[in-house]
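Undergrad: Listed below, chain by chain, are the residues.
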Amino acid sequence: MSISYRRPGALIDKVTHYCPGCGHGIAHRLIAEVIDELDIRGRTIGMAPVGCAVVAYDYLDIDMCEAPHGRTPAVATGVKRALPESVVFSYQGDGDLAAIGTAEIIHAANRGENITVIFINNAVYGMTGGQMAPTTPEKVKTTTSPYGRCTETEGYPLKVAELLAGLDRVAYSVRVMMASPGDVRAVREALLKAFRCQMERRGFSIVEILSPCPTYWKLDPVEAFRHCAKEMTKVFPLGVYRDWEETGANQ
Amino acid sequence: MLRIVIDRKHCKGCGLCVAFCPKGALCMATSISPRGVNPAEVREEAACVGCLNCTVVCPDAAIEICELEAAD
Amino acid sequence: MPKKVLMTGNEAMAEGAIRAGCRHYYGYPITPQNEVPEYMSRRMPEVDGVFLQSESELAAISMVLGSAAAGKRTMTSSSSPGISLKQEGISYLAGSELPAVIANVQRGGPGLGDIGASQADYFQAVKGGGHGDYRMIVLAPDSVQEMADLTTLAFDLADRWRIPVMILADAQVGQMMEPVEWHEYRPPPDLAAKQWALTGASGRPRNIVRSFFLYPGLLEEHNLRLQRKYAEIASSQVRLEETGTDGADVVIVAYGSSARIARGLVSEGAEGGRLGLLRPVTLWPFPSRRIRELAERGKAFLVAEMSAGQMVEDVRLAVEGLTPVGFYGRMGGSMLTTEEMAREAARMLELVAGGAA
Numbered sequence: 004m005s006i007s008y009r010r011p012g013a014l015i016d017k018v019t020h021y022c023p024g025c026g027h028g029i030a031h032r033l034i035a036e037v038i039d040e041l042d043i044r045g046r047t048i049g050m051a052p053v054g055c056a057v058v059a060y061d062y063l064d065i066d067m068c069e070a071p072h073g074r075t076p077a078v079a080t081g082v083k084r085a086l087p088e089s090v091v092f093s094y095q096g097d098g099d100l101a102a103i104g105t106a107e108i109i110h111a112a113n114r115g116e117n118i119t120v121i122f123i124n125n126a127v128y129g130m131t132g133g134q135m136a137p138t139t140p141e142k143v144k145t146t147t148s149p150y151g152r153c154t155e156t157e158g159y160p161l162k163v164a165e166l167l168a169g170l171d172r173v174a175y176s177v178r179v180m181m182a183s184p185g186d187v188r189a190v191r192e193a194l195l196k197a198f199r200c201q202m203e204r205r206g207f208s209i210v211e212i213l214s215p216c217p218t219y220w221k222l223d224p225v226e227a228f229r230h231c232a233k234e235m236t237k238v239f240p241l242g243v244y245r246d247w248e249e250t251g252a253n254q
Numbered sequence: 055m056l057r058i059v060i061d062r063k064h065c066k067g068c069g070l071c072v073a074f075c076p077k078g079a080l081c082m083a084t085s086i087s088p089r090g091v092n093p094a095e096v097r098e099e100a101a102c103v104g105c106l107n108c109t110v111v112c113p114d115a116a117i118e119i120c121e122l123e124a125a126d
Numbered sequence: 006m007p008k009k010v011l012m013t014g015n016e017a018m019a020e021g022a023i024r025a026g027c028r029h030y031y032g033y034p035i036t037p038q039n040e041v042p043e044y045m046s047r048r049m050p051e052v053d054g055v056f057l058q059s060e061s062e063l064a065a066i067s068m069v070l071g072s073a074a075a076g077k078r079t080m081t082s083s084s085s086p087g088i089s090l091k092q093e094g095i096s097y098l099a100g101s102e103l104p105a106v107i108a109n110v111q112r113g114g115p116g117l118g119d120i121g122a123s124q125a126d127y128f129q130a131v132k133g134g135g136h137g138d139y140r141m142i143v144l145a146p147d148s149v150q151e152m153a154d155l156t157t158l159a160f161d162l163a164d165r166w167r168i169p170v171m172i173l174a175d176a177q178v179g180q181m182m183e184p185v186e187w188h189e190y191r192p193p194p195d196l197a198a199k200q201w202a203l204t205g206a207s208g209r210p211r212n213i214v215r216s217f218f219l220y221p222g223l224l225e226e227h228n229l230r231l232q233r234k235y236a237e238i239a240s241s242q243v244r245l246e247e248t249g250t251d252g253a254d255v256v257i258v259a260y261g262s263s264a265r266i267a268r269g270l271v272s273e274g275a276e277g278g279r280l281g282l283l284r285p286v287t288l289w290p291f292p293s294r295r296i297r298e299l300a301e302r303g304k305a306f307l308v309a310e311m312s313a314g315q316m317v318e319d320v321r322l323a324v325e326g327l328t329p330v331g332f333y334g335r336m337g338g339s340m341l342t343t344e345e346m347a348r349e350a351a352r353m354l355e356l357v358a359g360g361a362a
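Protein chains in written order, with my numbering: chain F, 4 to 254; chain X, 55 to 126; chain P, 6 to 362.
Hints in this document: simulated from the structure, not taken from any laboratory. Among the hints, a few may not be true.
Stated by the list, open to error - One side of the interface only, derived from the structure: several residues of chain F facing chain P at Cβ under 8 Å:
#1 64
#2 65
#3 74
#4 78
#5 238
Even for Gly, the Cβ is constructed at its ideal location relative to N, Cα and C.
All chains, please: the whole structure from these sequences, using the hints.
TA: See below:
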């Protein structure tokens, strides 16, 4: 067996604007790998969010649509309902999905919209300069929680994978992380399964990825990677929260 | 024999590949790339066992690995 | 002769959309336009179309954005407070140059207002209620027949110009019943295929639908291109109806329900034919040039609308002080009356006569 790795064909040969060690770059690459592996480049349509990944369409060599902040699952719904044979995914950060777009994500999930949501949870607003996110852990300092997130006034971090798993039309809800090569391989497997879920018309799938933000975590890239396992998982436990193959749901 | 190719255009010098290489085949360069960073570079290609960890963690898809045919 | 069908304006609009090939409707209930989603929920399954009651107006307009990006004829409808929520998506549709139809069956405002007929969303519709320099084509039906016909036209215009088109109706024209004559719809033969649409990049380079241009200069270039398009629309797409303006001393300018009341007055020959009516069918582009021509011929104007005076500003901009421009309006869901309009018209005629003397 020959050992080799090549840049995926669905990834454009362009240097990204992401900071060194940013999880977005890994997620983009994994999406491109999965599109190549499933051979679906010609029928995949992606939704770019507002957030650090706003120009995801600069890097993925597929048809893509921009969405207003948080409306990403609604735009994805409009595309998927128009083209049911296409493979539609929305790519969203924690501000887009878990703050301004909570209504859209919950209702897309509750309708069992046959789309795939890739949720990058790095617990901070990266694009706007490191403000508090709905997923920021307790006591963590950000530019808008300078004394640390206070749960009495700001609540606890929103646990999206668990929340959506409680909805009956959700086929697949999983939380994975980027903390080691093995963990990244698990992210890839989760993405593959989520796309397969859609292609088999099982319904709504979401992959929540604990993803490093070295810049606003103020950690070097390697420490940020390890921080996902050491700290983030305390708040956001990894796991498969809903799986149609286990429960027989949406068959 | 494995050939490791690091694209200095894409590499931002985050060091994840170096940290997660189990065999110490990679290191950070002391030279500055056109991007203005110290990119990763191959320290000892012969040490590579082809686990592909470096390609798996690379946020910039800057590393490609291929197996070279034996010369003889 | 085609059979006439009695229906409400809202239903006529929904059926007009379906006949124009709209197969993707997204909306959220709000009075006084609930007949539209209700009709769509019944009809769409019959034509293999999609009706989706969204979680909010924000979601509805975003779903419209998605289906429009996928190259389909798509629409949403709402009423004033709901249309305020849709401004986000409308700005994105305009910025991304996507064709879509948005209907506003206006009710009284501001805030939650009431559910009576109003025309107080004129500014929001024609001046751009969302952010950024953009325009929508705005069509103002004044009958149930026009609710059908202008909706069909709206889809053709939206596709031709890659622009969101608004049907600016009101509670009166939306909920009243009149006979509608249906004609077979034929799309304009010269409409270009939507090669920009997102269908999956199979056998072609990828397509991107976006309104975000971060690199210096690109956004200005994009805006200049949009403005050139708007200028072309402004010079070629004005639609209006005139009644008795030639012999008139005072021309009433009114649209939608208000134009019906004015038409009654003018066609009854009140004031011995000294009153005429100019009814803008397109509120943007506005018939400024025609109004200017009439002003240059010495005609004065009475602008009648159910607002504190919004369209009257555009009439004054067109007239530029050449002749008097009067205003008659009611607010808060109160309709204009023929008697009050006749009184205001008589006052304008006196003013004109006094000025000439």
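Undergrad: If a hint holds in the structure, say so; if it does not, say that too.
TA: Quick rundown of the hints versus the structure:
With 8 Å as the threshold, the beta carbon of residue 64/F comes within range of chain P, its nearest partner Cβ sitting at about 6 Å, so the hint holds. Restraint check, residue 65/F versus chain P: the minimum CB separation of about 6 Å is within 8 Å; hint holds. This hint holds: residue 74/F has a C-beta 4 Å from the nearest C-beta of chain P, less than the 8 Å allowed. Given hint, residue 78/F at the interface with chain P, holds; its Cβ is 4 Å from that chain's nearest Cβ, closer than 8 Å.
Checking residue 238/F against chain P: minimum C-beta separation of about 28 Å lies over 8 Å; hint violated.
In this structure, only the earlier hint numbered 5 is contradicted, and the remaining ones agree with it.
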